[in-house]
Each structure stands twice: as structure tokens, then as C-alpha cells.
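Single-letter residue listing:
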Amino acid sequence: MNRRMTRDELLRRGAIGLGAISVPGLLAACGGGGGGGGGSASSSQKLNKVLEFANWPYYIDTPMTLKAAGINKPTTLKQFEQKTGIKVNYYEEINSNPEYFAKVQGRLSKGEGIGRDIIVSTDNDRFLGDYISNHWAQKLDKSLIPNIKNLIPAQQHPPFDPNRDYSLPWASGMDGIGWNEKQTDPVTSVKQLFEDPKLKGRVGVWNSMGDTLGLVILENGDDPANVTDAVFNRAIARVQKAVDSGQIRKFYGNEYAAVLEKGDLAASMAWSGDIANLGDPKIHWNVPTQGGIIWTDNMLIPLGGSVPTASTYMNFMYDPMISAQWAVGANYISSVKDVKSDAVKLDPKAGSNDLTFPTDKTLSQMHQNDPKMLTNPDYNTKWLAVQGQ
Amino acid sequence: MLWLTLFFLVPMGFLGYQSLQSGLFPHFHFTWEWSNYSHVLRSNHDGGYRDQYLRSFLYAGIATLACLVLAYPLAYWIAFRAGPWRNLFLLFIIAPFFVTYLVRTLAWLNILADQGPVVRILRDIHVLGPNGRLLATTFAVIAGITYNFFPFMALPLYVSLEQIDPRLLEAAGDLYGSSTQAFLRVTVPLSAPGIVAGTLLTFIPAAGDFINAALLGTPNQAMIGNVIQSRFLESLDYPTAASLSFILMATILIILLVYAWIVGTEKLTG
Amino acid sequence: MTTVAETLAVPPRPSVASRVWRFVKRHALTAYAFLAVGYLLLPIAVVIMFSFNHPPGRFNYVWHKFTFENWIHWNSVLGIQSAIEKSLEVALLATFVATALGTMIALALVRHQFRGRAATNLVVFLPLSTPEIVLGSSLLALFLNDQNTIQLGFVTIFIAHVMFIISFIVVTVKARLIGFDRHLEEAAMDLGANEWTTFQKVTLPLLAPAILAAGLLGFALSIDDFVITFFNAGQVQTFPIFVWTISKNAVPPQVNVVASAIFLVAIILGLANVVWQYRAAKSTRGAGA
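Chains as they are written, first to last, in the numbering used here: chain R, 1 to 389; chain X, 1 to 270; chain Y, 1 to 289.
If you are wondering where the hints come from, they were derived from the structure by calculation, not from laboratory data. Mixed in with the good hints, there may be bad ones.
Listed below are the simulated DSS-like cross-link pairs for lysine-lysine, each with C-alpha atoms no more than 27 angstroms apart in a straight line [to be verified]:
id, chain 1, residue 1, chain 2, residue 2
1, Y, K248, R, K282
2, R, K200, Y, K248
3, Y, K65, R, K182
4, R, K382, Y, K248
5, R, K139, R, K372
6, Y, K248, R, K182
7, R, K241, Y, K65
8, R, K382, R, K142
9, R, K282, Y, K282
10, Y, K248, R, K262
11, R, K67, Y, K65
12, Y, K65, R, K262
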């Protein structure tokens with residue numbers, strides 16, 4: 001009697017059983033995965049009931065921050081929902097420009113949507129320009145954005161989008177130095193950050209090239225808007241020295257603020273709004289003595305997003321009073337004209353808030369990055385190398 | 001079987017294919033770009049990644065050794081002294097696995113915080129200098145790797161120790177007057193399969209790890225895993241990333257083959 | 001005969017010092033074992049403790065005060081619920097498929113001689129000997145090259161997980177199979193059962209504990225997997241990926257809550273298993289061999 005099942009029989013029976021299990025499983029998986037994600041590349045012309053908005057963290061007014069500012073109104077998101085009936089799904093899922101780009105480039109490069117109507121990308125990184133030049137951003141419906149007339153002149157013709165066909169500023173912010181008064185005396189310059197022995201191993205910088213190198217270039221006395229190889233190499237060498245000596249603890253994304261508060265960092269390069277948002281009186285921020293960098297995060301409508309819905313939202317945010325409330329609640333700089341005078345009506349303290357409503361003097365200390373530096377692949381590789389990557 | 005072929009061997013093929021490409025994202029061309037390999041192996045000063053490779057193997061090696069030394073007594077105790085509590089302690093060993101890897105490692109950020117109790121005590125008893133710290137150091141990264149891969153060493157050790165007939169140990173004790181001798185000459189060789197399995201299961205994943213270095217270290221502790229991760233997912237430089245990955249895989253295979261030759265293949269796959 | 005008596009003479013009584021030393025050694029080992037276990041469980045305790053923390057701001061680094069809020073409103077953090085749901089979905093599906101496939105491969109490898117058996121043994125073992133980062137990145141390379149047929153997302157995660165779980169399943173089930181007593185199957189066949197019935201009623205039930213253990217191992221691996229999933233997930237977020245993304249910001253206590261919950265469920269199952277095995281051992285001893 002042949003007691004042993006032949007391998008063929010075993011496999012045959014197994015295959016039948018497997019087929020029964022795995023095919024519906026795979027189908028279900030495909031269905032589940034595909035449905036949630038992208039839609040077709042063509043967008044509908046009607047208003048959706050829901051707006052899918054992907055943004056950076058700490059970038060919007062919340063009940064907590066409004067209360068701290070003494071503003072007794074619902075958040076701007078809530079006001080939008082009440083006014084238009086469109087619900088907003090707000091995802092704080094963007095932590096770094098390259099990471100987000102890598103996540104979505106697969107679908108976008110095939111003309112598919114990513115399940116978002118608005119995404120936000122920074123102008124001092126190459127990706128904002130990439131989205132637009134790759135035709136992964138849809139044109140705004142300006143007929144639905146009459147408030148676009150409120151855009152300040154300085155933002156009306158940026159190099160990556162000269163006619164503002166694809167993008168609108170969401171927030172501007174300033175690069176400076178944050179420090180924890182419990183851990184150190186005031187830190188006012190990049191030189192101090194990199195060379196003060198008392199700060200050794202407790203200094204943070206960003207993993208974003210434009211921001212970190214921008215400040216270092218200024219400290220070197222060069223112009224960040226005009227970066228030659230010599231300028232770049234000087235800046236990189238200075239950072240490398242600080243890494244080798246153990247002065248720099250780590251290259252952070254957004255999480256430096258938490259670590260600064262925790263006390264593992266004594267001082268760090270920091271974004272103006274993050275420190276304001278911490279709401280912790282022992283953490284301070286100032287513009288470095290040699291100058292700071294100013295950047296702007298822009299809203300884009302990716303492929304598959306609903307142009308009318310997104311445009312309606314953008315229009316809402318460009319209403320001066322709404323933008324003023326947002327600025328006070330989010331602690332970042334708005335690109336709407338005369339927003340400071342409106343903000344003062346909501347919160348008198350706003351008048352003296354230099355971080356959110358910078359005076360001309362502060363603005364004069366600000367510089368912008370050279371877009372050519374950001375797109376140079378050789379520079380990018382060197383920047384990764386200094387981070388040990 | 002088909003599945004494995006399809007989704008294991010074929011991806012390896014593609015990795016090789018991609019490693020020989022060149023160009024910038026998103027337009028890559030296959031150009032037999034062997035220079036990707038030589039470029040990657042150059043010293044860091046010249047733009048290569050030798051430092052990270054060497055560091056990865058160094059850290060993985062130290063961590064594996066640490067795991068061996070720390071886990072052996074525990075495994076021994078459970079195998080021979082735990083009695084009815086044996087299964088419970090085995091459960092304790094695997095317990096860390098039930099908390100997500102990332103959350104476990106993040107917990108160390110809390111425990112070893114500069115302002116936390118552990119560091120403060122160490123400073124008070126002068127083990128650390130007045131500004132000393134534990135986080136963002138090589139120590140933290142290696143300690144993290146050791147902690148995370150401890151069960152991979154402990155369990156195989158336990159399995160092979162448990163199979164040793166206690167009478168052999170008694171006999172050894174009688175033969176060799178000193179228990180140290182008995183241990184070294186009988187117990188250890190008998191548990192060799194466990195040691196082999198444990199070291200492999202610990203060293204190999206540790207060499208490719210990047211999470212401990214990312215969360216607990218400074219840029220000076222970056223391992224090759226960090227480089228591969230950033231190349232694939234941030235700078236989208238697929239050809240370089242693929243060649244980095246391939247070299248790591250090849251090196252490990254070579255180490256594996258050498259190990260197997262010394263030890264005998266059956267102990268590995270059997 | 002006297003020589004035998006001489007050689008069997010009782011060795012001299014050990015000195016007090018060496019007796020004390022042996023006492024210390026005996027208990028030192030036990031003390032060490034407890035310390036080691038404590039070290040293993042310390043971070044877990046911290047995780048659970050901080051899940052009850054009510055942090056003043058967004059950051060959960062410093063103990064502030066105790067609260068049950070995080071456990072009640074565990075899904076108030078946007079994305080955490082869908083992340084854990086995705087993790088569970090993938091884990092269940094992948095474990096099921098991998099266990100089925102893996103068991104069959106194990107059976108084939110142990111019971112049958114076929115050409116390519118050695119090669120299969122090797123190929124099954126290879127994923128275990130490859131660092132996760134290499135596995136993840138090679139699959140990514142595959143999927144990227146083939147972007148017209150397959151898109152990064154749930155399906156790619158599923159495929160990746162099945163791939164690395166199969167190896168673990170095969171190794172576990174094989175170990176059990178090797179020590180399997182064929183006599184029971186032979187007896188069944190002698191009594192008239194055909195091969196399929198024997199498989200169903202004798203082999204499978206006897207293998208069940210091993211298959212179950214392998215399946216549980218696979219499930220745990222899938223839920224916890226970060227590196228391979230990270231490389232192949234595209235926009236989909238499983239729980240570990242969610243934790244990584246949000247740790248770039250600040251980790252809300254709800255993450256601790258979910259992690260603790262998974263831990264508690266697993267520990268309870270584990271304890272139940274320990275107790276069950278203890279009882280089973282007692283009963284077999286009672287029944288007599």
C-alpha cells in the first residue's frame with residue numbers, strides 16, 4: 001500500500017486550497033487598498049462635501065492656541081465648515097519635503113491622485129519646483145479665488161510659479177536660534193552655536209539643507225541668495241567641523257522643539273513659529289546676529305484633487321480677518337496685505353508680536369535661499385554625507 | 001515555493017539591475033554602471049561609505065558579543081534552575097517583542113534622558129562626568145541594538161541548553177573537579193548549535209539596523225542602514241542605494257559561508 | 001576488589017569557603033536572571049506608565065499627572081485607528097496565507113525526496129539570513145521597476161510580509177515534523193483510512209500546536225514589522241509606520257496606549273498558553289505513559 005502521499009498530490013491539493021484562500025484575499029486587499037487611495041487624474045468640476053488637506057504640524061490655529069491668545073472664536077477650519085458646509089479632513093502628515101515627495105511620487109508620476117486636495121511644500125527646497133515642473137500640480141481656479149487680490153506684492157511672482165497659477169502661500173517662517181534658558185545662557189549667533197564648548201553635544205540643526213546652510217552661509221559673511229561652489233564648500237566645512245567635534249547632536253526634522261523642551265538640547269536652530277507654538281516660557285527664540293532666512297510654504301493642488309473645493313478653501317483663507325486669526329493662532333507669518341492691523345482687532349497683543357508680524361527691521365535681517373543651490377545634485381549628496389548618510 | 005522564487009530571488013535580481021543604473025530621478029538608464037560599486041566603497045573622505053559599513057559590522061559585532069555574554073547565564077538559569085517557572089520566564093524573554101520595535105526604542109529616550117533619573121544618578125556617583133550623557137552616544141546605539149536583539153540570542157541558547165542531558169553535566173562535574181572546567185569543556189561545546197544560531201540571528205539583522213542609530217545616536221554613529229534608507233526614501237538615488245544594499249547582502253553572505261564552513265552546514269539549516 | 005573500593009572512596013569534604021562560594025554562585029545566577037528579566041521589561045513598564053501620562057503640551061517626555069483620558073479617547077489622534085486597523089488586516093491575511101504555504105513546504109521538505117530539495121532548503125533559509133533592510137529595499141526595487149502593474153500600497157505590503165513570514169513558518173513546522181511519530185499515521189492507515197483522511201484526522205491535529213505556534217509567531221512578526229513595510233508601503237500607514245512618522249514630531253500618549261494594548265493582549269494569550277501547557281503536562285503525567 002502506498003502510504004506516502006506523492007508530492008504532486010500534496011501540491012495539487014494545496015494549490016486548490018490556496019487558490020480558494022488567496023484569490024479572494026488578494027482581491028479584497030486590492031479593493032481595500034485601491035479604493036482609499038487615488039482617483040483618476042481628471043478632477044470633477046463640482047464642489048466636494050469633504051476637503052482632504054495634508055499639511056505640516058503646528059501650522060494651524062487650534063482651540064488651545066486661540067484661547068491662549070484670548071480669541072473667543074471657533075478655529076478657522078471650523079468656520080470654513082460652518083460657512084461652506086464642506087468638512088475638512090486635516091492630516092498633519094508632512095514632516096519633510098523629500099520624505100513626502102518620495103511617498104507620493106509613485107502615484108503622481110503615473111498620473112494618479114494621492115487622495116489629497118491640498119498639499120503644502122516649501123520654497124527653499126527643490127521639491128516645490130519639481131511638483132510644478134513635473135505637471136503634478138493642477139491649476140488653481142482663480143475665478144473661485146477673488147481674495148487672491150489680497151496677496152502681498154512680495155509673493156506675487158515667485159520664480160517657481162511666476163503667475164501664481166499653481167500655488168498660493170500658506171505660511172512664511174523665519175529661521176533663527178532657539179534656546180532653553182534652564183540649560184544655557186542666551187545663544188545669539190551660529191558661531192556660538194557651533195563653537196561654544198558649554199553647548200557641546202547639545203546643539204541641534206535641521207536636516208534641511210536650505211535652512212541650515214543658509215544660516216551658516218550668513219555666519220560666514222556670504223550671501224545665501226547667490227551660492228557659488230566656494231561659498232557652499234565653506235559652509236559645509238564649517239558644519240562638518242561641528243559634527244566631527246561632537247558639537248552637533250543630531251540633524252532634526254520637526255522634532256527638535258520637543259527635544260529642546262525636554263532638555264536634551266540646550267540650543268538649536270529653530271523655526272520662529274515652532275517656538276511660539278510651544279508656549280513654554282523657558283524656550284526663547286531670536287534672529288541670529290548675522291541674519292536669518294525667511295521661507296514660505298505653499299499650497300498646491302495635486303493631481304486627483306478637487307480644484308473647485310481646494311480653490312474655495314484657499315479663497316477662504318485669504319480673507320483678511322480669517323488670515324489674521326490664523327496667524328495669531330498658528331504663530332506663523334501670513335501673506336495677506338495689512339494682516340497686522342486686522343490681527344490687532346482680534347488680539348491687541350498681536351501688535352507687538354515680532355515673530356508673527358515681523359517689523360520691517362526684522363524683515364530686513366532676513367534673506368532667501370538660492371534656488372540653484374537647492375537643485376544641485378552634487379550639493380545634495382555632500383549635504384547627506386555630512387549627516388553621515 | 002513559487003512565491004519565494006518570485007518575491008525573493010527576483011527582487012534580488014532587480015536590486016542588482018538597479019545598482020548598475022545611472023542617472024537622476026526619475027529617469028534612470030541601465031548602463032552597467034560598475035562605478036556605483038567602487039564609488040560606494042571608497043573611504044568617506046572621497047565620498048564613499050566605508051565608514052558606515054565598518055561601523056555597522058563593528059556595532060553589530062559588539063552587540064552580538066554583549067548579547068551572548070548577557071543572555072547565556074539567563075538561558076542557562078532557565079534551562080536548569082527554573083523548574084516549573086520555565087515557561088513563564090520564556091514568556092518574559094519574548095515579552096519585549098510584543099511592544100512595537102519603535103515604541104520600545106523610544107522608551108529608551110525617556111529612560112536615558114539627559115535630565116532623567118538614570119543619568120542623574122550616574123553623574124552623582126561619578127560614572128559620568130558633570131556634563132556627561134548617555135543618549136546620542138555610541139554606547140546608547142550599541143545598548144539599543146543589544147536590547148532589541150537580546151531575545152534572538154537568548155531563545156536559541158535556551159533551546160540547545162535545554163536539550164542537554166543533565167546527567168552529562170553531573171558526569172562532567174564528577175570528572176573535572178572544578179565546575180568552571182566542567183562548564184567550559186562540556187556545557188559550552190554541547191550548546192554550540194545554540195551559540196551558532198544565536199550569533200547569526202543577532203548579528204545579521206543588527207548589521208542592517210538603522211533605527212537605533214537614528215533615534216539614539218548622532219551623525220557620527222550612522223550605520224549603513226541609515227545610508228540605504230535615506231538614499232531610497234529621501235534622495236531617491238536608487239542606483240546608489242541598490243548597490244549599497246547589494247554589497248551589504250553580499251558581505252553578509254560571505255560571512256555566513258565562512259561561518260558555515262567552519263561549523264558545518266547542518267547545524268544551520270537542519 | 002579493594003582497588004575498586006579505593007577508587008570509589010568518598011572525596012574529601014569541601015571546605016567552608018568553597019561551600020559559601022557555591023552558595024553564592026548558585027544564588028548569584030538566580031539573582032542575575034531576575035535582573036536580566038527586569039532589564040528586559042523596564043522599557044515596557046515605561047511605555048505602559050507613560051500611556052497614563054497627561055502631558056502639559058504636545059510632548060510625552062516628562063511625567064506630569066495621571067489620567068485615564070488617553071485610554072478612553074485612544075483614537076482621538078488622527079490616523080492612529082486606521083493605522084492599527086491596517087496592521088491587523090495585513091497581519092491576519094499575510095499570516096493565514098503564509099502559514100498555509102509554509103506548512104506545505106515544510107511537509108514537502110521533510111517527507112518527500114524530490115529534486116531541488118537541498119536548493120529549496122537553502123532558498124527558504126535565505127530570507128532569514130538577510131537583513132530586513134536588504135529584503136525591503138530589494139522588493140522596493142522590484143516594485144519600482146514594475147510600476148505599471150503594481151503600485152506601492154496594501155498589496156505590496158501584503159506580498160512582502162508573506163515572503164518573510166514563510167521562512168519562519170517553515171523552520172518552526174519542520175522542527176516539529178522531524179520529531180513526529182509516524183506510527184500513529186501508520187496505525188490509522190492500517191485501520192482503513194485513506195491518505196487524505198489520515199492527513200485530516202491524524203497528522204493535522206497532531207501538528208496543530210506547531211502550526212498554531214508558527215502562525216502566532218508570523219502574526220507577531222507582521223504586526224511589528226517596520227523596516228520592510230516602510231520601504232514598500234507608499235502612502236499606506238501601518239501602526240509601526242505611523243509611530244515613525246509621528247515620532248518626527250512628538251509622540252502622543254495614545255501611541256503608548258495602542259502599544260500597551262497590543263502588549264497586554266499578547267501577554268494574556270501567552271500566560272494562558274503557559275497555564276494550559278502546565279495543566280496539559282500535569283494531565284499527561286496523571287494519565288501515565
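Original post:
Any of the earlier hints contradicted here, and which numbers?
Top reply: 7, 8 and 9
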